[in-house]
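Here the protein sequences line up with chains G and C, keeping their order. Sequential numbering from 5 applies to the first sequence in the numbering used here. Sequential numbering from 547 applies to the second sequence in the numbering used here.
Calculated from the structure, these hints are not laboratory results. Please read all numbers here as calculations on a predicted model, not as lab measurements. Here a beta-carbon is modelled for each residue, glycine too, at the ideal position from N, C-alpha and C. Check before you lean on any hint, since a few could be wrong.
[To be verified] Quick look at which bits of chain G chain C covers, simulated, 3 or more residues with Cβ under 8 Å:
1. 211 to 217
2. 373 to 384
3. 415 to 427
4. 434 to 442
5. 473 to 481
One letter stands for each residue in the lines below.
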Amino acid sequence: MTLRDIRRVYSVFFFVLFLVLVGITDFRNIKGYEVALFLELDPLVAVTSFLTSWTLYKGLILAVLIIVGTILLGRFFCSWICPLGTLNQWVSHLFNRRRPADDYRVNAYRSVYRLKYYILTALLVLALLGSLQTGLFDPIALISRSFVLSVYPAVNLLGGGLYLRQPLFHGGVLIALVFLAILFANRFLTRFWCRLLCPLGALLGLLSGRAVLRIWRDVEKCTDCQKCLRYCHGGCDPHAALRFSECHLCMNCIEHCPEEAIHYGLPRAGSSVHVPVDVSRRRLIETAVAGAVLFPMMRSAAAARTVPRDQVIRPPGSIPEEGFLRRCIKCGECMRVCPTNAIQPALLEAGFEGLWTPILINRIGYCEYNCVLCGQVCPTGAILPLSVEEKIGAPPFEKPVKIGTAFYDRGRCLPWAMNIECIVCEEVCPTSPKAIWLRTHQVRLRNGRTRPLRFPYLDTSLCIGCGICENKCPVRDRPAIRVTSIGETRSSTNQMILKA
Amino acid sequence: MPSRHDRREPVMDRRGFLIRTATTCALAAGAGLWGFLSYSREPLRRRAERVFTFKDYRVADAAAYPGLVVVHGRDVEKMARAAVERLGGISRFVSPGERVLIKPNAGWDRQPELAANTNPALVQAVVRLCLEAGAAEVWVTDVTINDPYRCFARSGIESAVRKAGGEVKFTTEGDFLLTDLGGEVLRVWPVSRFYHEVDRVINVPVVKHHSLSRCTIAMKNWYGVLGGRRNRLHQEIDVSIADLAAAIRPTLTIVDATRVLKRNGPTGGSPSDVSREDTIVAGLDEVALDSYSLRFLELKVEEVPFIRAAEERGLGVSDWRRLNHVEITV
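Bound conformation, chain C alone (with noise of 0.2 Å):
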């Protein structure tokens, strides 16, 4: 009986010959191709990344409405429908069809009163402004400092926002772009992704008390679009401010002094800390804003330096007396 072992290789035929030494030669050549394409001195293959710039989000500047109103009041839906009205309107911003990025300041994990995030009542009207212009979509992001979920569950704006119609983006780590920031010390940086996403976007910053800038208002407010190890610009705070603000030009910008955290900052922790202030400011001047909200934590545009380093620039100016300002109350 035949065992398996006595198989036998059947002999070579003229046919089998030229397939077996055609296979054989392109497996070789094949070899040598890859190793002539694929020789590098580098040990890795590095890909450029693209490097994204920001938009101008802007609108035209017209003579024709103030630079500046401040709005008192305690209802704070009235009190931004009013600053918006004497601003021109909505519809002078936000166009039909466009998606608009809201960004709060909502860096910690602590509750609306603490004030240590934007005002969820202001944030919830600006996306109702921004949703009766027409927007296609209203994002609220924020880039935060404690757990991203605590953050904007707990300062109230998540259920604000959902409320009103708009959509809270949480930022992953798999949310940034390389952007270039074309500053002094700011240059290329991990940027969250939505901005490169909008045509809009409105600053909604709050004020609060800060021990290094002084102050975190309407520019400090950006340092919350950048991701990476951003704990690295406290170094040069004052340029990296400016930076910032001349990096991102928002289309808008309303200031939340319903109630201010006056020391302590930019954390907060106790309702001691706080003083309600019931003012809202908005305007298109991110330095006069910034130097007009100063009166709420008793300081001078003297002692900001960020304020004269942005002015230096020609962001805006400081002396907001020089705007066409209006002050009311609802």
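Bound conformation, chain G alone (with noise of 0.2 Å):
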């Protein structure tokens, strides 16, 4: 069995893996197996979110074994392990209809490929200034936001299954389109994101910068045929001076050299000198110049961490808005496991650095009352875990946690605006004693006889906020009880009642 052949294997195995672990986040099938593993072992969520808050938070803490990988051993992460990498690997090799010697052309190194390490940098100062949009270009938790937001709800649709309920998303179409964009641009370029746009693949290539085991090839047995190139993954010029930066170490370049003159190890006698990180100083001051410049206007616009905002009701065990938008990487692993469907990524409700994190939508679904499945997913403690006894605040904890409260709106409710009968809300309502109560009042009717008629009401310092009210209300379109995240317990700002 060769090196490649093992990549190989590897490569399946993890993608496998990853679909594997997908499929079982949710209710039935979550057993406390480690769901975000991969997410967990992506060293630019630990490194960016450990710039922004200092702590490298419980599981992120894998992402070391990585990080000690890539310095011993280079960047084998993409190939082997980085389930986008293998997709993009695949999808590359699917839609190739190139002549063999245009594949020659396509393989090789491009200074374009600079692009990914000015990407890392802008990603890199945001976050050290306190902004984590990692999310949006990380491999992980874009192929993990992928699956569960597009992929499994049309898997689901197209009969797979899955769960009860058909999951519904909020713009998930958007995300699908990102995704197959992003496969559809292996078409022109093989592995297009990973060579062009991962700020993963160039954190690890800086990382790669002084590993000893390398790639080398022998000056003295090559005779320049450059079939090395046809199939190398990187783009790192293995027919040259190699770029070990961007070489994933796929071991295809070993296997097809007929000389035998490449082998991964230490380097022999005649072995090819290697190319540092091919960054232009200037560009690299450019792009961190822009990000700083950019901080300061991104964090002086009025978005849910500074104005609260009704529709942000954020899932129970959130951390206050600021911190969340510290740790919040959108993998749309809350949603997944979301028994209701109510967690929902946010388009722009939280403002435009809020973008794909999870929200409450209880038109859809509610928070269901012993869940608190979230927390016990979420990769980087944005959504803490709490216990059901922490939630609905059963002894010894003396108050449970409130992701919003609920109010009336009385021109829409039944019994309210129309005299008609209807307690579905004081129904549903999980407190108790239950935070939503009905009273009798005569009413009289326009034929002016009186009957008596029960009227819903809102115990402010009951309500828990998790809009099943909201969600089961017969007013379907616009319901007439609505949940908005004042009073949440995460904010200290964010409230009305003085004695809360």
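Put the two chains together into one complex; each comes in its own frame, and the hints tell you how they fit.
See the structure below:
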């Protein structure tokens, strides 16, 4: 078994593992498995979230394995483990209609591959200043989000029967189009995303700079046939001076060399020189400055962080908004595991910084009273894991976690607006005693008669903002009781009652 | 050297001409026919959906057996067996080879101790009884309010049914069939398809407080057959309950009053809302069972309009004392 075969086995194994982990992220199958494993192995998530908060949260410590491995061995993650890298490779292969002669041209290094280092620089500078935008470009967050919010609902629609209810996601098609565009780009340039854009690849490229074990080409044996170039994953020029920061250790060059001039290991007499990371210092400084200038502009905008927004109802256990944006990588794990489909990717509700962060849309689902799954799967601690007792305020905890407060719209409520009997909100209210209570009033009808009718009221001190009332309200399109974020436990400022 | 732009069309012979002409005419005629056949004044083609009605799941009434059996005790399995024994044994209700559906109240993601759902031990006992009678399959289903997987798991019913050898049927959006309930306010509604695929239906409700209908026992349990936006039913709750009770006539009803949710129903949520009554009530007359079970909630028949409404439709008698009744302790 050659190194290339071993690499192939690994990439298939990890891709299947990724699918399995996405597949089992639900109430019935989760059973304490580490479903966010790939996100926790991701050094970019670990490093940038460390920069925003100076802590390496729980499972993110696993990323150190990859960091250490990369320092010692090189950028193996990209073609051995990364599910997006593997998928891009397969799609590139599938789309390949080139003549062999053109493969050599396509797989040679191009200076445009520097772009990813500039993207990484911008993300690192923003993270250092306190804004985590890693999730937009991080390959693991991207593929998780794409599979959870577009592939999984599509498979379920086509009869996959993955969960009882067809999952629906707010703006899911946008995420699907971005994902498909990334895959389609492989049509024009093999592993377009990995070579040009991937900031994780850039980070790993930088880390691999001092690796001892490498790919080496023996200049004595080499006949310059360039066959090594034809199946190169990274576009790292194995036929010339190898750009080791671009090398994925796919090992294809070793197998394709007719002269056996390429080996992996320590350099030998006659091994060719390597070229260090190819970035222009001037561009690097420019990007860093651009990031630094963008930050105050982005931060001085009105967003949920600065001006609380009614629709930004975060899942239970979410940390305060400022911190939330420092931790959330928009991976979609919470949206996958939510049994009622209530957790949805925000578009601009929470501001531009909050794109695809989780919010609850109660018309789609509601927060299940005894459920704490979202906090269990969050890899970065944007949503902290709660116990059920902690969430519902059972002993020894004094108060439940409140994610918002419900309000009646009496102009639409059946008893209030139309004198029609309806107590559905009270019926489904999960707290004990119920936050929604009824009072009977005598009402005078149009025809002059009077009749007793029960009217619903809300006890704000008991309401936890779960939104089941809004979800089950018969006034379907714009419910007569709606939850807004005010009174949420996580915020000290988004409060209205003095004695809370 | 000839260029590839120099290729010429062959001169048409008679045969070629005829084939060409026939093909073109056939295509043109086909287009005309398609237009003629598919012309419609409707913007969408509507297919009439089949509308089902409920079977009568009842068995013949027999004067030899009591109409109402009340069993007190602590061992739910023994209590269920004693109750069914007094009613004539399970073979009176389930014949070998039949498919039986058991309808507990499993609407909420709540632990058994909170009494928001039917006691899993009772469901387990009923599943066992049916299988002992030779039932081919025993299904347990409910259209739950909270997430179905969570409801059946948390209520303990899923594991209890599995242990007894039955099968839990989860209802998905595609599992509903339009059914004519023929009621006053309820006419055609989507109903869980499992009801149309079984021979016998056993109602196993739990006694709970409910703020609008005052109580939810046997007849109100039939809310759990409906899909769609059934929360509209609350606008005419008493008529709706009577409509449902008239549409679905179960083979047997066993009311769970082992733990009773006294207030804050139908969800509960606190053990202090629950009172232990250690009783089950079995019978064939849902009206009598409901009116008997009111005692657990300190209610009178006059306070619960749907019982009167159901009695007026001839679904049963509210004065359960008129029935031949038995009270035992096991």
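Each hint tested on the structure:
no., hint, in the structure
1, 211 to 217, "violated (count 0)"
2, 373 to 384, "holds (count 3)"
3, 415 to 427, "holds (count 5)"
4, 434 to 442, "holds (count 6)"
5, 473 to 481, "holds (count 4)"
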